[in-house]
Amino acid sequence: MTSPVALPNANSNVTPFTVRISDDSLEQLKALLRITPIASQTYESSLPDADRKFGTRHDWLLKAIKEWRDTFDWRKHEGHMNTFDHFHMNIDDKVGEFHVHFVAMFSKKKDAVPLMLLHGWPGSFLEFLPALDKLRKRYLADDLPYHLIVQSLPGYAFSSPPPVDKDFGIEDVARVMDQLMLKLGFGNGYMVQGGDVGSKIARVMAVKHDTCKAIHIKFCIMEDCPDDISNMDCSAIEEEGLQRGREFLRTGSSFAVQHATKPSTIGFVLSSNPVALLAWIGEKYLAWTEQDPPMSLIIESVSLYWLTQCAATCLWPYRIFYTPGVNGNPHNVAKYKIPASKPFGYSYYPHELYPVPRPWAATTGNLSFFRAHEKGGHFAAVEQTEASLKDLEEFVQESRGAAGFDDSE
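Residue numbering for the sequence shown follows our numbering, starting at 1171 and increasing by one per position.
Between beta-carbon pairs, the in silico distance windows are:
1) N1358 - A1406: 38 to 46 Å
2) D1281 - S1192: 38 to 46 Å
3) Q1198 - T1435: 20 to 28 Å
Here are the computed lysine to aspartate or glutamate pairs in the DMTMM-like style, where the Cα-Cα straight-line distance is at most 25 Å:
4) K1545 - D1462
5) K1278 - E1563
6) K1278 - D1576
7) K1507 - E1408
8) K1432 - E1341
9) K1307 - D1281
10) K1236 - D1219
11) K1223 - E1408
12) K1304 - D1462
13) K1307 - E1564
14) K1223 - E1417
15) K1432 - E1393
16) K1233 - D1221
17) K1236 - E1197
18) K1454 - E1393
19) K1560 - D1255
20) K1304 - D1281
If you're looking for bench data, these hints aren't it; they were derived computationally from the structure. From the three backbone atoms N, C-alpha and C, an ideal C-beta is built for every residue, glycine too.
Take these sequences, add in the hints, and give me the full structure.
Here's what the structure looks like:
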């Protein structure tokens, strides 16, 4: 792929980056995995039939620690990461300077659509690498239909954290992401796809920034049925999804309240030792997927968080979205309704945390693209990579005209 500095309209220096964790950091991690004490077995951590309703199980945690300590090879995973092109860009924003990490695939096609992919928590740029791998096998730079930008949000992985002397909110991160795309030379417009936190950032980008021409999301959590469709009949699958969502809010969302109300405390806890981080994040990968992901995938993700020391710096979105008594969810706020002129896509995965029916999502923008899937959960990009990528490609193709990306240009 071509380097971004070769893009004709780029107006900022971009620094190539190689993922390389120090030997000392890896040795320290192994040492901590050897000496960290594990909580005693309890009734809650040892329910029969592998029941996880009380959280991380004792037997699973012991197995995961053993694999992380004795088998997992970070250098192998790091090597795979480095088969993709990584970069850093400095963004001088009004709330401070940001050193933003991103993975990119740049096209030589004149009509290639710039496309930003946004992750959430406890995700990272890693969840999009399977899709990028498929695309680089399918296309050369000469015929790749997109310029793909997979960033690390501020405070995540290899991006610098938000400032410590002032607050940082959803409109701030949307602005920083928009500046990243502008500095890469995409001032004529770009599209965004997002899941989890990324879906909310994508929505705000579409509302606040003219250069964001279209968005596609995989997560559109809305706690209550919109008033104007309150009598809507749901299918059995949709009703089951809503019931699961309500149960998630009742028994599965305490982590979000902790992140929102006491981020400092939980940040210290999760940064204190890797086993604590493994228990906290591993639980989410097991609970939020339709089928348990490979242990190596979970450990790779937790390793990235631990080795980049971002367990505390990545929690800032939750104060915005989940503080009790504050309606901070952009999917539920009228001022963040996507303009009718901008194509809006939504993919429904039945095992998402709170999968809302198509008519609900349609109240939040001009829903021009919809796909419903029979399988998939919160991490659809890794659970259902081919289906997720197909949705994205079809959305771009169907939306490019309305978004102003004309094939004849």
